[in-house]
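Once you've looked at the hints, dock chains C, P and X against the given chain G.
Chain residues, written in single-letter form:
Number of protein chains: 4
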Amino acid sequence: MPSVPSPPPLNSNPAATAFSLDGKSPRTANEPSGPKPSEVAEEPGPSEVEGARLRDELCEAMAAIHQRGWCDGTGGNFSCVLQRQPLLLLMAPSGVDKGKVKPQELIVVDGDGRVCHGSGRASAETLLHLAIVRETAAGAVLHTHSQAGTLLSQWCWERGRKMPALVENPDEDGIAYLEVSDLEMLKGIAGITTHRSAVRIPVLANDQDLGRLSRRAGPNLERAPAGLLIAGHGLYAWGQNLSEARRHLEILEFLLEQRWRQLLLEVLMVRGHGSAPDTEGPGELGR
Amino acid sequence: MPSVPSPPPLNSNPAATAFSLDGKSPRTANEPSGPKPSEVAEEPGPSEVEGARLRDELCEAMAAIHQRGWCDGTGGNFSCVLQRQPLLLLMAPSGVDKGKVKPQELIVVDGDGRVCHGSGRASAETLLHLAIVRETAAGAVLHTHSQAGTLLSQWCWERGRKMPALVENPDEDGIAYLEVSDLEMLKGIAGITTHRSAVRIPVLANDQDLGRLSRRAGPNLERAPAGLLIAGHGLYAWGQNLSEARRHLEILEFLLEQRWRQLLLEVLMVRGHGSAPDTEGPGELGR
Amino acid sequence: MPSVPSPPPLNSNPAATAFSLDGKSPRTANEPSGPKPSEVAEEPGPSEVEGARLRDELCEAMAAIHQRGWCDGTGGNFSCVLQRQPLLLLMAPSGVDKGKVKPQELIVVDGDGRVCHGSGRASAETLLHLAIVRETAAGAVLHTHSQAGTLLSQWCWERGRKMPALVENPDEDGIAYLEVSDLEMLKGIAGITTHRSAVRIPVLANDQDLGRLSRRAGPNLERAPAGLLIAGHGLYAWGQNLSEARRHLEILEFLLEQRWRQLLLEVLMVRGHGSAPDTEGPGELGR
Amino acid sequence: MPSVPSPPPLNSNPAATAFSLDGKSPRTANEPSGPKPSEVAEEPGPSEVEGARLRDELCEAMAAIHQRGWCDGTGGNFSCVLQRQPLLLLMAPSGVDKGKVKPQELIVVDGDGRVCHGSGRASAETLLHLAIVRETAAGAVLHTHSQAGTLLSQWCWERGRKMPALVENPDEDGIAYLEVSDLEMLKGIAGITTHRSAVRIPVLANDQDLGRLSRRAGPNLERAPAGLLIAGHGLYAWGQNLSEARRHLEILEFLLEQRWRQLLLEVLMVRGHGSAPDTEGPGELGR
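Residue numbers (our numbering), protein chains in the order written: chain G, 1 to 287; chain C, 1 to 287; chain P, 1 to 287; chain X, 1 to 287.
Watch out, some of these pointers could steer you wrong.
One copy or two, either will do: identical chains are not told apart, so a pair holds if it fits within one copy or between any two.
[Said to hold, decoys possible] Listed below are the simulated EDC-like cross-link pairs for lysine to aspartate or glutamate, each with C-alpha atoms no more than 16 Å apart in a straight line:
| hint | residue 1 | residue 2 |
| --- | --- | --- |
| 1 | Lys100 | Glu60 |
| 2 | Lys102 | Asp56 |
| 3 | Lys187 | Glu158 |
| 4 | Lys102 | Asp209 |
| 5 | Lys100 | Glu50 |
| 6 | Lys187 | Glu244 |
| 7 | Lys187 | Asp97 |
| 8 | Lys187 | Asp207 |
| 9 | Lys100 | Glu244 |
| 10 | Lys102 | Asp112 |
| 11 | Lys187 | Glu60 |
| 12 | Lys102 | Glu244 |
Quick caveat, the hints were computed from the structure, so don't treat them as lab data.
Bound-form chain G, shown alone (with noise of 0.2 Å):
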């Protein structure tokens, strides 16, 4: 199982950063200088007016987000990056209603989750950001507690439990794969252009050592739908940019829903028919 890579210390000279971590006042050059820079390259971060402009997108994001009922009882954890090289993300502090956040509340946490900039703890969700983001350079990431991520999540984990052949790897570290199939809104996900398509969405057990879990989701997290599920926790949808980070949380939210919705009706129609679904003719249903 190939291990996520440490991050690169993070670079404690701010005068090298071009941006500000508050969004509001620019560091300069005059500050007192700290550690030499990391070895690796850094990319000049966001101007004061992308810092900003980050912020407010996120936080009405958030507030989109608590709306749809997706992140009640401060749960959920959303994040942008704000710097590649060193990494650094932009998220609300942990343990706070996501809803209501102001751009100034949010932090800003490091390659290794710590918190460099702003008050308030990290979630440590933190950590399962940060390795979509290497894994797939996603440019945002969504996570968020929703009535149909929680249960399918769960129903798809238990049914591969008792279903071995469905699950890669029956054990711990095993993975089960929720399906879709042959609905328009799979073409909202990138890289998908026809309704004639499936997508499996990634379904690993709840494990409250993220740092293990995030190496589980590490090798996965490539070939999934810009999309991954923790059973009876919820889902993690992520994108380029923020824009595509919420097209892509929309789309798989419906999903989840939909295959709720369909999930009810299969039951229901194997159930009253032996395993020919729906040929109880016209009469009942033929409307």
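Relative to the frame of chain G, chains C, P and X by itself:
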């Protein structure tokens, strides 16, 4: 299979039209003339004020439809007829969040589906909007991706494929019908004056070739109840103007969601009691 | 079958009324007199201020009801009593989006359902509003087309038709009852003080002849729990004033949606285990 | 059965309290003295600013809860502790639309449930709020009437009555438990740190005698997961402060709705395949 008649070439002499394509500044007769006007007599288009009003209304309609959860993930598309001869439609560009489009961001497409004003691409589905407008004289076409529309269209099409007696041409050019009857809300569809009615919403197989899909749809549009379903895809609703199209959309989406609930109940009722629904006596369900 | 008493002729001498029909300018005693006042003593109507307040409240109520998805596609209608003797109702005109009506767009209808002030047509269902107001002394009547109201009324009526023992007069003048019991929310209905209650909401067959439907409804209104269902159509809820009517509407719609969920559960429970619900032991469902 | 201790008599000498009950004007020492202060030492109450803030927050919370559809038809009630010794709660008056209460309309009730400031009646359920505050040291109690809370509590209680092994005291003082386990959202409940948990929400029979209901509830509150269900009635959720109470409410309502969906799926799975859920093979449901 009758072909959809070729649209007349777009009149490229703007001086002949009385309105402004961007809803802002009217064209004047002093602008240089281009190719000769088409042989089809041109109607005067909407005035600048009407054009601006239509833009505002279309954006407001899309925001309301997005609020309903009917066009997530940049799905769906919505058009108004700006001018009939030659045909010009006002639409949102493809691939944008339909809930956030501003009036000035709308595009104008011609009778061939080409963008003739504004930034962005026209959706491939524009061809189906054009077919509906030509066959039904609709003034607006609203295409949604709702949960009920996606599920019921798929279910109906699959059922039709398995039960050829229900399908008129049980091959790829086949069509199925989703029937809804005996509901007061049917009266929201133009021409229906009593609940003792049944509407049959045509259901076509999904197809990424929108030209072919539009040609299949064409012959079925005139007798359709202001709506058409594409299996596993969604609903097209239309009306003489945007207001009527919105009413038809709300009515049809209501009927689809109602049909879904009816289906759950019907299947459950049949399940326990053979062919006689609801004979378990008042004890269990008699309240 | 008792007939609904004929309403007294509208007093067409506006000088005798103390209020203004449009909520704006009061009538004066100088206006020409018309036919003699009816023999029924006239109450003074609401003052101009009260009339304006009522208009605002009714529009706000309709916007909130539309927000709930209870009057889509211009369906539904909502009335307040403006004056009792002679009877005058304030309503939205027929065929408009009830969620967007402005106070000045409301119409006033008389005791025969004729528009006596404002633009637009009165809904045919005005006759049922009038019947409810006369039989129950209601001050407001709210008629919705919700998913649960449409489905449960249809299911209840169909079940009643098949099981004559449940239906008092099992012919076209028949009536069925939807019973809801043992829920705390029942206490939201005036006169109900304990959850150990059962309400029986009368259900009538739908009928496009609203005069006939109103006459059928009449005898059943006094004992009804502030609500009446029309099969496959929806709910009428009422109260002494608009505030109480809104409370009754919310309570009854809650009970209908709850009854739907109960029904799913009841049918599923019976399905698997014969006549003894829920005997599969704690293992499956015992959590 | 231990009784809830009698609350100390309300200190009716306002001069001894440092805050203003209406959140506006502080009481002064010049006001006439009443009975001697109680023997329990009085804590200084919140300052005027804090009192006003609490009023605003409570009204905002109620508006958000009403927006969720969790307190329709004037149902539900919501309290914050204004002062501990002697106990004073801030609440909305009984029988009002909780979504529209303004800060100045809130009432203050004492430890006996009597209104000591403001207009309107205190809900009878105030006694249960007081019991919860006393037993758990909660700073806020939120009581909702949601669809899931009403349905699941009723289902759980009925099931417990039929299956005495599940009920600790299978008589009228009995209690049942709704168990939810293995979900990440459980971590939103204070003290729960892993999804590998199970919470058992106590369910009591509904009772119009709130004194008796509160005494039954008392012994079960300390070990409850910040929530209590009353059968066919709804949920009480609480927390150390309003913010924590809101988080607990959202978490518990999420878990109830999730449990409902799980229940549908469980029952459907068992239905077709005896005691072994989900053995029909991947063909039907294996996606």
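For each hint, the structure was consulted:
When the C-alpha separation of Lys100 and Glu60 is checked against a cutoff of 16 Å, the pair qualifies both within a copy, at 9 Å, and between copies, at 13 Å. Proximity of Lys102 and Asp56 under a CA criterion of 16 Å is satisfied intra-copy only: 8 Å inside one chain copy versus 19 Å between copies. When the C-alpha separation of Lys187 and Glu158 is checked against a cutoff of 16 Å, the pair qualifies neither within a copy, at 28 Å, nor between copies, at 21 Å. Taking the closest pair of Cα atoms, Lys102 and Asp209 never come within 16 Å of each other, the shortest separation being 29 Å inside a single copy and 45 Å across copies.
For the homomeric pair Lys100 and Glu50, neither the shortest alpha-carbon distance inside one copy (21 Å) nor that between copies (21 Å) is at most 16 Å. In the homo-oligomer, the alpha carbons of Lys187 and Glu244 lie at most 16 Å apart inside one protomer (13 Å), although the nearest pairing across protomers, at 30 Å, exceeds that limit. For the identical chains of this complex, Lys187 and Asp97 are inter-copy neighbours only, at 15 Å across copies versus 32 Å inside a copy, given an alpha-carbon limit of 16 Å. Taking identical chains as interchangeable, the C-alpha atoms of Lys187 and Asp207 lie at most 16 Å apart only when they sit on different chains, with a minimum of 13 Å there against 31 Å within one chain.
In the homo-oligomer, the alpha carbons of Lys100 and Glu244 lie at most 16 Å apart only across protomers (15 Å), although the nearest pairing inside one protomer, at 22 Å, exceeds that limit. Within a single copy, Lys102 and Asp112 get their C-alpha atoms no closer than 24 Å, and across copies no closer than 41 Å, so neither meets the 16 Å cut-off. Proximity of Lys187 and Glu60 under a CA criterion of 16 Å is satisfied in neither setting, with 25 Å inside one chain copy and 26 Å between copies. With identical chains, the CA atoms of Lys102 and Glu244 are never at most 16 Å apart, being 22 Å at best within one copy and 19 Å at best between copies.
Of the numbered hints given earlier, the model fails hints 3, 4, 5, 10, 11, 12; all others are met.
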